[in-house]
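Peer 1: Following numbering that gives the first Met the number 0 from start to finish, the sequence shown increments by one per residue and tops out at 272.
Worth flagging that the hints you see were computed from the coordinates, not collected in a lab.
Yeah, the Cβ is synthetic: ideal placement off N, Cα and C, and Gly gets one too.
Be aware that one or more of the hints could be misleading.
Cross-link-like lysine-lysine pairs, in silico, DSBU-like; alpha carbons within 30 Å at most [unchecked claim]:
| # | residue 1 | residue 2 |
| --- | --- | --- |
| 1 | K216 | K263 |
| 2 | K7 | K107 |
| 3 | K158 | K216 |
| 4 | K228 | K161 |
| 5 | K126 | K107 |
| 6 | K158 | K107 |
| 7 | K228 | K216 |
| 8 | K126 | K196 |
| 9 | K145 | K126 |
| 10 | K263 | K7 |
| 11 | K196 | K161 |
| 12 | K216 | K268 |
| 13 | K161 | K263 |
| 14 | K126 | K216 |
| 15 | K106 | K7 |
| 16 | K7 | K268 |
| 17 | K158 | K7 |
| 18 | K196 | K216 |
| 19 | K228 | K268 |
| 20 | K145 | K228 |
| 21 | K107 | K145 |
| 22 | K268 | K161 |
| 23 | K161 | K107 |
| 24 | K145 | K158 |
| 25 | K196 | K158 |
| 26 | K145 | K161 |
| 27 | K126 | K106 |
| 28 | K268 | K158 |
| 29 | K263 | K196 |
| 30 | K196 | K268 |
| 31 | K263 | K107 |
| 32 | K263 | K228 |
| 33 | K7 | K145 |
| 34 | K161 | K7 |
| 35 | K158 | K126 |
Computed Cβ-Cβ distance ranges for the label pairs, DEER-style [as the list claims (entries may be wrong)]:
| # | residue 1 | residue 2 | range |
| --- | --- | --- | --- |
| 36 | P4 | E250 | 24 to 30 Å |
| 37 | E113 | E61 | 19 to 25 Å |
| 38 | E124 | E250 | 41 to 47 Å |
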Amino acid sequence: MKTPPVVKVPLHVSGLWAPVIGSDLLHTGSIGAGLVLDLWVTSRAVRGGCWIELDGERVLQEHASRICGIEGSSMGVSAVSPIDLGKGFAVSSALSLSLSTLISLGKKGFISEESTWSAHVAEVEFKTGLGDVIAQFHGGFVIRVKPGPPGIGVARSIKRLKPTLVVAELPGVEPTPLMLARVESQVYEFAREAVLKLWDNPDLALFFHLAHEFTMKLFDYTRVVESLKDARGLIGFYVKKRALVAWVEDEWAGDLVALLESNKLNPFKTTLS
Numbered sequence: 000m001k002t003p004p005v006v007k008v009p010l011h012v013s014g015l016w017a018p019v020i021g022s023d024l025l026h027t028g029s030i031g032a033g034l035v036l037d038l039w040v041t042s043r044a045v046r047g048g049c050w051i052e053l054d055g056e057r058v059l060q061e062h063a064s065r066i067c068g069i070e071g072s073s074m075g076v077s078a079v080s081p082i083d084l085g086k087g088f089a090v091s092s093a094l095s096l097s098l099s100t101l102i103s104l105g106k107k108g109f110i111s112e113e114s115t116w117s118a119h120v121a122e123v124e125f126k127t128g129l130g131d132v133i134a135q136f137h138g139g140f141v142i143r144v145k146p147g148p149p150g151i152g153v154a155r156s157i158k159r160l161k162p163t164l165v166v167a168e169l170p171g172v173e174p175t176p177l178m179l180a181r182v183e184s185q186v187y188e189f190a191r192e193a194v195l196k197l198w199d200n201p202d203l204a205l206f207f208h209l210a211h212e213f214t215m216k217l218f219d220y221t222r223v224v225e226s227l228k229d230a231r232g233l234i235g236f237y238v239k240k241r242a243l244v245a246w247v248e249d250e251w252a253g254d255l256v257a258l259l260e261s262n263k264l265n266p267f268k269t270t271l272s
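Please model the complete structure; the sequences and the hints are all you need to start from.
Peer 2: Structure below.
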C-alpha cells in the first residue's frame, strides 16, 4: 500500500507588516519582515472530501473549500503542530499551504511557486495571513517589499543566519481579522519605512529593534516585560499577537526556557529554518 504524501511547513512570526490592497487577491497582501522558525507543521494527505484537521479537530473549512475550488481537486489534510491557531505563529497559513501543496503533489507530482497561490488567496480572502505564504515558502529571515505569493510577490530571504531563539505562546488568542480591524492605518507608516531600511540593510539586530518598536504600538508588553526582567543574555525580543520571540546568547537559552516555564508559559528553543 502506497504511503500518503507528507509535507512540512515552518512557522513564521512577523515583526513588521503593512497591508497592501492590489488589483486582485494574488496581488493583495502585505509588505513586512519576519522570522521563519525551525518549528514545523507536519501534514499528510487523506482521501475523501476537502477539509483540514489540526491535532484531531476540523478547522479552517472556508479556507479548505476555497483552496479545493481553485485547484479543482479535493483532498483532506491531517496535521500536527507544536502551536495552536490564533497565537501569531502563522499556523493558519501553514495549514493552507499544506493543503495546496499536497494537492499539487497529487496532481503533478511536484511543488512549484504556483502550488502556493491558492493558499495565498485563501489567507488573504479570510484575512488570516497577508504575507505568511511567501515567507514560509522561502524560509529564514524574510523581508517582503511587494505583496503576493511566490512568483508574484517580491521577498528577500536570508538563510545564513542561525541565531539562538526562544519563542513562547502567551495566554489568550487573537484572530488575525480582529487584530487587523483594530489597527489604525497611520501605525503602518512606521512599518513601511522600517521595511525599506531592512531591505537596504538586512541586519538581524536592526530587525529586532524595529520589530520591538513597531509591535509595542499594537500589543500589551506588560506581562512579557515582567517575565523577562530576570533574563540574562537577552539580545532582543518582540511580540506579535500572542507570540513572543526572543533572541538570546546560546549559553543562556536553557535559563530563559526555564524562566518562561516558571511564568507558566510554553517556550521552545529554536532558530531560523
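Peer 1: It remains to establish, for every hint, whether it holds in the given structure.
Peer 2: Hint check:
1. K216 with K263: holds, 25 Å
2. K7 with K107: Holds, because 18 Å separates the two Cα atoms, which is no more than 30 Å.
3. K158 with K216: holds, 29 Å
4. K228 with K161: holds, 25 Å
5. K126 with K107: It holds: about 29 Å lies between the C-alpha atoms, which stays within 30 Å.
6. K158 with K107: Holds, at roughly 28 Å.
7. K228 with K216: holds, 20 Å
8. K126 with K196: Holds, at roughly 26 Å.
9. K145 with K126: holds, 17 Å
10. K263 with K7: holds, 28 Å
11. K196 with K161: Holds. K196 to K161 sits at ~21 Å (cutoff 30 Å).
12. K216 with K268: Holds, because 26 Å separates the two Cα atoms, which is no more than 30 Å.
13. K161 with K263: holds, 27 Å
14. K126 with K216: Given that 30 Å is the threshold and the Cα spacing comes to 21 Å, the pair holds.
15. K106 with K7: holds, 18 Å
16. K7 with K268: Distance ~19 Å between K7 and K268 Cα, so the pair holds.
17. K158 with K7: Holds: K158 and K7 sit about 18 Å apart, inside 30 Å.
18. K196 with K216: Holds: K196 and K216 sit about 19 Å apart, inside 30 Å.
19. K228 with K268: holds, 19 Å
20. K145 with K228: Distance of about 37 Å is beyond 30 Å: violated.
21. K107 with K145: holds, 28 Å
22. K268 with K161: holds, 12 Å
23. K161 with K107: The hint is violated at about 34 Å.
24. K145 with K158: holds, 20 Å
25. K196 with K158: holds, 19 Å
26. K145 with K161: Status holds; Cα separation ~25 Å.
27. K126 with K106: Measuring from Cα to Cα gives roughly 27 Å; hence the hint holds.
28. K268 with K158: Holds, at about 18 Å.
29. K263 with K196: Since the Cα atoms of K263 and K196 sit roughly 36 Å apart, the hinted pair is violated (cutoff 30 Å).
30. K196 with K268: Holds, at roughly 28 Å.
31. K263 with K107: violated, 46 Å
32. K263 with K228: Satisfied, since the Cα-Cα distance of roughly 15 Å is no more than 30 Å.
33. K7 with K145: holds, 25 Å
34. K161 with K7: holds, 20 Å
35. K158 with K126: holds, 28 Å
36. P4 with E250: 24 to 30 Å: 40 Å Cβ-Cβ, so the 24 to 30 Å window is violated.
37. E113 with E61: 19 to 25 Å: Since E113 and E61 have Cβ atoms about 22 Å apart, the given range 19 to 25 Å holds.
38. E124 with E250: 41 to 47 Å: holds, 45 Å
The structure is inconsistent with the numbered hints 20, 23, 29, 31, 36, although it conforms to all the rest.
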